[in-house]
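Visitor: Protein sequence lines correspond, in order, to chains V and D.
According to my numbering, the first sequence holds residues 1 to 82 in order.
According to my numbering, the second sequence holds residues 1001 to 1146 in order.
No wet-lab data here; the hints were simulated from the structure.
Among the clues, some could well be false.
Stated by the list, open to error - EDC-like, lysine to aspartate or glutamate: derived pairs with alpha carbons at most 20 Å apart: (1) V:K52 with D:E1139; (2) D:K1034 with V:E57; (3) V:K50 with D:E1131; (4) V:K49 with D:E1127; (5) V:K49 with D:E1145; (6) D:K1097 with D:E1118; (7) D:K1095 with V:E31; (8) D:K1095 with V:E48; (9) D:K1095 with V:D3; (10) V:K18 with V:E31; (11) V:K49 with V:D32; (12) D:K1095 with V:E75; (13) D:K1034 with D:E1045; (14) V:K50 with V:D32; (15) V:K19 with V:D32; (16) V:K52 with V:D3; (17) V:K52 with V:E17; (18) D:K1009 with D:E1118; (19) D:K1086 with D:E1145; (20) V:K59 with D:E1118; (21) D:K1097 with D:E1131; (22) V:K49 with D:E1139; (23) D:K1095 with D:E1131.
Model, not experiment: these values are computed from the prediction.
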Amino acid sequence: MQDLNTEIRDIIAVIIEKKPEEITGDARFFEDLGVDSMMALEILAAIEKKYKISIPEEKLAQLTTLNQTIAVAKEYMSQTNG
Amino acid sequence: MDNVLDIEKIQELLPQRFPFLLIDRIVELAPAQKVVAVKNVSINEGFFSGHFPGRPVMPGAMLIEAMIQASMVMFYSGQVSAACRKPLYSLSSMKAKFVHPVLAGNQVRITANAIKSESSVAIVAAEASVEGKEAARAELIFRLEL
């Protein structure tokens, strides 16, 4: 099974049209990678769909780096799994 | 608000006009959540004169536009002064699949559900069907001015 971190990085890479290797754990989405609010919402929706979880829109502000995004996804995946 | 909108109410919400107003009636509406719209496709539609002579197929782009218009009714129906003469949105990206042609004489039923929305961005999943048979589906991403 593909590592979760790699999966999420690949999802983001497709949405923001960057090479996966450009998306390092701490690269800032808005400042370094040119992500805008629309792409951020798209990332949120894609992660929800892939992992069948629901993440509230309020969490959008926390999606600032790959590491942060993975942390938010894990938080909601653990809730879903009980 | 009544959950059914006629063409006059639709025109209060959307800036599009002939020949580019592509929904005729709203039959179900949950503001910012879900909308079901109906489009009656007549042989008199302007696009049929060229698409295609002798074989009137509604262009896929027009189906997408109908989905967009239904979605905008969904987002703007809750607004008191939504009457607009300028567009308050723009389509930013979309993924679509066309599975069955829409022909002159068909009644198209468009269902749109808001998947995710935030202050200025929304993602919508839409489907167009004719007599219960899927014609097209799309995921649309908009920028909104609410």
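Visitor: Against each hint, give a clear statement of whether it holds in the structure.
Guide: Evaluation of the provided hints:
For the hint linking V:K52 to D:E1139, the alpha-carbon distance of about 17 Å falls within 20 Å, and the restraint holds. Distance hint between D:K1034 and V:E57 is fulfilled; the C-alpha atoms sit about 18 Å from each other, no more than 20 Å. Proximity of V:K50 to D:E1131 is assessed by CA-CA distance (about 31 Å); at most 20 Å being required, the pair is judged violated. About 18 Å separates the Cα atoms of V:K49 and D:E1127, which keeps this hinted pair within 20 Å; it holds.
Note on V:K49 and D:E1145: the hinted pairing is violated, with a Cα-Cα distance of about 26 Å set against a maximum of 20 Å. A distance of roughly 25 Å separates the Cα atoms of D:K1097 and D:E1118; the hinted pair therefore is violated under the 20 Å criterion. As the CA atoms of D:K1095 and V:E31 are separated by approximately 27 Å, the hinted pair breaks the 20 Å bound. Simply put, D:K1095 and V:E48 have alpha-carbon atoms about 17 Å apart, close enough for the 20 Å limit, and the pair holds.
Restraint check: the Cα-Cα separation between D:K1095 and V:D3 comes to about 27 Å, which exceeds 20 Å; the hinted pair is violated. Note on V:K18 and V:E31: the hinted pairing holds, with a Cα-Cα distance of about 14 Å set against a maximum of 20 Å. Our distance criterion of 20 Å between C-alpha atoms is broken by V:K49 and V:D32, whose separation comes to about 26 Å. Distance restraint check for D:K1095 and V:E75: the Cα-Cα separation of roughly 29 Å exceeds the 20 Å cut-off, and the hinted pair is therefore not satisfied.
At roughly 27 Å between alpha-carbon atoms, D:K1034 and D:E1045 are farther apart than 20 Å, so this suggested pair is violated. Straight-line distance between C-alpha atoms of V:K50 and V:D32 comes to about 25 Å, which puts the hinted pair past the 20 Å bound. Distance restraint check for V:K19 and V:D32: the Cα-Cα separation of roughly 13 Å lies within the 20 Å cut-off, and the hinted pair is therefore satisfied. For the suggested pair V:K52 and V:D3, the alpha carbons sit about 17 Å apart, so the restraint of at most 20 Å is met.
A hinted pair counts as satisfied when its Cα atoms are at most 20 Å apart, and V:K52 with V:E17 does not qualify at roughly 23 Å. Of the pairs offered as hints, the one joining D:K1009 and D:E1118 is violated, with about 26 Å between alpha carbons and a cut-off of 20 Å exceeded. Only pairs whose Cα atoms come within 20 Å are accepted, and D:K1086 paired with D:E1145 is accepted, the gap being roughly 11 Å. This hinted pair checks out: V:K59 and D:E1118 have alpha carbons roughly 11 Å apart, not beyond 20 Å.
For the hint pairing D:K1097 with D:E1131, the CA-to-CA distance comes to about 18 Å; that is within 20 Å, so the pair holds. Proposed proximity of V:K49 and D:E1139 is supported: the alpha carbons are some 13 Å apart, at most 20 Å. Between D:K1095 and D:E1131, the direct Cα distance comes to roughly 23 Å. Violation of the 20 Å bound is thereby established for this hinted pair.
Hints 3, 5, 6, 7, 9, 11, 12, 13, 14, 17, 18 and 23 from the list above are not met by this structure, while the remaining hints are.
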